[in-house]
Amino acid sequence: MATVYELLDWLQSDQPSSRTQARVSAAYKLCILLGKNRLAMFGILIIACLVLISCFAPVIAPMDPYSQNLQARLSPPLTEGHLLGTDSLGRDILSRLIYGSRITLLVVALVIAIAPVFGLLIGTVAGYVGGWVDSFLMGLTDIFLAFPRLVLALAFVAAVGAGIENAVLAISLTAWPPYARIARAETLTIRSSEFIAAIKLQGARPLRIVVLHVWPLCISSLIVRVTLDMAGIILTAAGLGFLGLGAQPPSPEWGAMISEGRRFILDSWWVATFPGLAIFFVSLGFNLLGDGLRDVIDPKAHKS
Amino acid sequence: MNRLLERLAIGLIACTGITANIKMVSAETPPDVLVIADRIDSLITLDPAESYEFTGSDIIRNVYQKLINYYPDDLESGYQPEIAESWTVSSDGRTITFTIRDDIKFHSGNPVTSEDAAFSLQRAVILNKTPSSTLTQLGFTPENVRQTILADDDKLMITTDRPYAVSFVLNCLTASIGSIVDRETVMSHEVDGDMGNSWLKINTAGSGAYSVQSWKPNESVTLQANDGYSHGAPPMKRVVLVHTQESATQRLQLQRGDVDIARNLTPDDIAGIESENGIKVEEELKGGLMYVSLNQNHPILAKPEVRKAIKYLIDYDAMQDSFLKGQYRVHQNFIPTSFLGAVDDNPFELNVEKARELLESVGVGELEIEIGVRDVQDRMEIAQSLQNTFAQAGILLEISVATAKVNLGRYRARELDVYIGAWGPSYPDPHTNAGTFAYNPDNSLEANATGRLTWRNAWDAAGLTEKVERALTENDREMRIEMYQDIQSGFRDTSPFAIMFQQSAQTAMRDNVNGFSTGQAVTYAAFWQVTK
Amino acid sequence: MSETRTIQWTQRRKALLHSPITTSISKLLRVSVTLLGLLLITFLIGRVMPIDPVLAVVGEQASKETYEQTYIDMGLDKPVIVQFYYYLSDVLQGNFGASLLTARPVLDDLLRVFPATLELSTIAIAIGVLLGVPLGIVSAIKPGTWIDVTVRIIALMGYSAPIFWLGMIGLLVFYGELGWVGGPGRLDIVYMDTIPNVTGAILVDSLLARDTATFKNALAHIILPASVLGYYSLAYICRMTRSFMLNELNSEYVLTARAKGVRETTIIRRHVFRNIRVPLVTVIALSYGNLLEGAVLTEFVFSWPGIGSYITTALLSADMNAVLGGTFLVGAVFILLNLSSDFLYRYLDPRTR
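Residue numbers (my numbering), protein chains in the order written: chain A, 1 to 304; chain B, 1 to 532; chain C, 1 to 353.
Hints were generated in silico from the structure; no laboratory data involved.
As the structure is a computational prediction, the values presented were derived from the model and not from experiment.
Any given hint might turn out to be false.
What follows is a list of derived Cβ distance ranges for each label pair [to be verified]:
| hint | chain 1 | residue 1 | chain 2 | residue 2 | range |
| --- | --- | --- | --- | --- | --- |
| 1 | B | Lys280 | C | Gln93 | 51 to 61 angstroms |
| 2 | C | Gln93 | B | Ala391 | 53 to 63 angstroms |
| 3 | C | Asn95 | A | Leu45 | 51 to 61 angstroms |
| 4 | A | Ala197 | C | Gln93 | 47 to 57 angstroms |
| 5 | C | Val149 | A | Pro216 | 28 to 38 angstroms |
| 6 | A | Leu8 | C | Thr150 | 29 to 39 angstroms |
Listed next, the in silico DSS-like pairs over lysine-lysine satisfying Cα-Cα at most 27 angstroms (straight line) [to be verified]:
| hint | chain 1 | residue 1 | chain 2 | residue 2 |
| --- | --- | --- | --- | --- |
| 7 | B | Lys308 | B | Lys280 |
| 8 | C | Lys142 | A | Lys36 |
| 9 | B | Lys216 | C | Lys216 |
| 10 | B | Lys280 | B | Lys325 |
| 11 | B | Lys201 | C | Lys78 |
| 12 | B | Lys467 | C | Lys64 |
| 13 | C | Lys142 | A | Lys29 |
| 14 | B | Lys237 | B | Lys105 |
| 15 | B | Lys303 | B | Lys354 |
Partial list, computed: chain B residues near chain A (C-beta under 7 angstroms) [unchecked claim]:
| hint | residue |
| --- | --- |
| 16 | Ser247 |
| 17 | Gly288 |
| 18 | Ala318 |
| 19 | Met380 |
| 20 | Asn388 |
Idealized CB from N, CA, C, for every residue including glycine.
Full structure from sequences and hints, please.
This is the structure in structure tokens:
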């Protein structure tokens, strides 16, 4: 019991004795604040469910998501053995939704691993080096910003072929410029700060400064943006799937499932409706979390 | 504070009120206007010398007249005189002389003459656009066409390079490319020696039942009736094709009475609408075929046993009775039903055991192949059904879905192992399909005959080429039929093509619409006899 | 993703405003470099795409001879650089070439499709602003109450639903079942081609022609897609308004004013709203800009002949003249909107006046 209180003391300490303690305790305080935000907790609940479902998909799913049965096609929900009905090839929609959650998570994870990192790289280099490098990189960013985004993604997918990996790359391609701009703005402030000057005096190389001292400081502002962007990523991926340029059949990607189901929307509403609801709830979850996180991190907003 | 809230609330209510308050009454279409929901996004030209896709062909059929034509109320009788009132064939069988009617006028008021007819056919050959092969296969070339197609007073003489079956030559002339255009009008719009092509792409100059009043790409095409039409003024004064991509949307439009005819309903939407009051569904057999082809450059797919095994791994009936219901019928021969020489023998059905035996007999165990599929729903479903049944015999199909253009490019370059394709006849004669499915005079890579299906699949047509040549010049109808039946039975067993289905069109319409015909397998839709 | 864009937009604008070397000339230079880059990248994309533009023209059954002739007619036998050079010199003379798919000049096509998008986006943004701003304000005034929670959930829902799905369901319910709104497309057939085309925006044209029947019909057709798009922008605008409001309400001057006993209504009207106007303009301009890019999915679901579906269709057929022209227009509109909101920013913000 005592150790728990010690731990709490350590976490809540106003005078952290180490860098790690400072970081961990900041994160802890954030969690406490977030915990008070009921909407955000609801969001976290949705996301947690999503993660669990996708982890245990083979256990939860009642059927193989790919096995066809043309005789039982388009069975309505609550049919024997098919809680959410079947699609046009007689596949179990519930099982497909459950397996589809894996694809959704994968896409979000991959885009998050690519776009902000690339943006960070471009932004910090532009901000730190300055001069013509800055002009060139920011000019490039401007061009990509001025591009109609879905068109850019479509063009990319059309160029390299449809598929989930390419859809991820396409989304990243349209998502990086804002991160680059944020990173650059942060870098410009950090660059002129005194502690960087001190490190420079110690003879640190530019690469070392950028990687070890500039990046860590940019990351927190990027993380908030990323959380807010996740719902957008899911919707864009679904949009690509809807246009037939995302995941390929027979993959149970939710957007592609809507696209398949829209042909039957009048008589077999369930085929398009359930994947639509799935996308809706998951992106709502991410939005609730992002909104809550911003309220917590933004010092002005959470006073109220 | 509260007053501010109050005002905001009032504002909000006012806004939602405005948006929700427009109640629509469903409007019926006017009595002399025919409105058709259709997919017109593939329409890229209205020039009959250039057009090859369905929407363009539909429009051209209603805008232009031909020397001879098929009539919607009597398609079974074959071609009938239209602009030509009669014709004679020379003793050597190479020259056909048409006598041109003198009482027909173009929309511009110019009389239709043999000069116009000669010009139209010459123009089609010289422009050398996609459909030109229908004429050039008769021996016309841009160089010789001014000598081989001649106008003289009210006579038009066309001379082919060999004595072909007359029915074959005449059937070629019933295709869209045989349309007679108004020479004077067209040439007055010539730019840089294009024979009026860039003008005729978006305008019309014919003598048919309608002229195109406006074409808004991906939106609508409006046709205006020609009251001086030689078969009498059409009852529908305006025909509007409205572009609606989604089947469900077309169905809603039809149910609400916003359109009279919906042409692209899926089998499920047809089933849902069929029994409804005020709506009827008509079904007509069309000429299009759906097939699976095997690239003969693939060492394993080139084995005859494997080719045959694959024909036993397709669940023809289950597809026909489920997601393809009413839109495709099982048909395993390359000549579509209702064409000369067509046969209805469909010997193949799903038989995994037999397929396994065949595969084992040549030592094929596991096999992994790539199938190219266009990104349209029915083909993707066919692909997934194939994937399912092929897997039962150990063949793994990797589906590559792409837009038509991407996959077609790869198919034409012989890059795909397996391809799900559709083929529509260009003119109502068996040779249109025999010439592409069973004819390949040069299978070498250098020949680059990308227009020919045999070449695309690197198949040398195994001796069928000569038989096809011979059938082409046979003037005895019964003999010709027999020859095509013989070619097809050889083709069915040995070819790398598994012909699966023949298309059929289900057209849903308001029940006051009468006389609409999609033109069946031999031609295209006609609007001029429609009443409502 | 657009929220991130707002932030950096604001940053970008501030940088521009406070930089002493900001002259019209450097701005113009920057704009033209961006546009040139846009064209170059689009052109390169067109070249690496495995789509054969010749096939888009000649179709599946074309013979080898036809194919080869068309290839040469289209100038594809020349090196890419030469093709780009020809294209650029044409564009500089105001000639964007002809579209392969519609057989007419790209400029004519753009003049036809862009008004459709403009009309739809304008109504949508109007819905978004008229509902989103008041909702955001209400929600910020009563933070933490059920009103706030409800508004936030409504807004987040709009931000979370896949727009193509919402459109489909909307069409089904409001057109199919209830018959409250017009179907897909911009007008019923009866009203097509009944009014002279002046601006290309049917709502405006029908008013000019004093044709109330056509106006009503156009309104009935536009209201559903515009509401779906408007809901999406509403969600974003409402969220941002709330956040701006909260920032201001917690600032020192408001607290001081409150302490002095100034009425809350006065504080909000006189001070808070005046201050959030400025960043709000950016948010609205940004949403508008996003809509003007052409809502491809919404246009697809509603058969709306706008610029989004124009560019997409062209792209998938490798109709590069059309893609280049369309991208150029969208890029130019984006930049124009950027510049004009700069101007508004200056005008509204007392500190920069």
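Structure-based check of all given hints:
no. : hint                                    : result
1   : B:Lys280 / C:Gln93: 51 to 61 angstroms  : 55 angstroms, holds
2   : C:Gln93 / B:Ala391: 53 to 63 angstroms  : 58 angstroms, holds
3   : C:Asn95 / A:Leu45: 51 to 61 angstroms   : 58 angstroms, holds
4   : A:Ala197 / C:Gln93: 47 to 57 angstroms  : 54 angstroms, holds
5   : C:Val149 / A:Pro216: 28 to 38 angstroms : 36 angstroms, holds
6   : A:Leu8 / C:Thr150: 29 to 39 angstroms   : 36 angstroms, holds
7   : B:Lys308 / B:Lys280                     : 41 angstroms, violated
8   : C:Lys142 / A:Lys36                      : 18 angstroms, holds
9   : B:Lys216 / C:Lys216                     : 22 angstroms, holds
10  : B:Lys280 / B:Lys325                     : 17 angstroms, holds
11  : B:Lys201 / C:Lys78                      : 26 angstroms, holds
12  : B:Lys467 / C:Lys64                      : 23 angstroms, holds
13  : C:Lys142 / A:Lys29                      : 25 angstroms, holds
14  : B:Lys237 / B:Lys105                     : 19 angstroms, holds
15  : B:Lys303 / B:Lys354                     : 16 angstroms, holds
16  : Ser247                                  : 6 angstroms, holds
17  : Gly288                                  : 20 angstroms, violated
18  : Ala318                                  : 5 angstroms, holds
19  : Met380                                  : 5 angstroms, holds
20  : Asn388                                  : 5 angstroms, holds
Violated hints, listed in ascending order, are 7, 17; each of the other numbered hints is respected by the structure.
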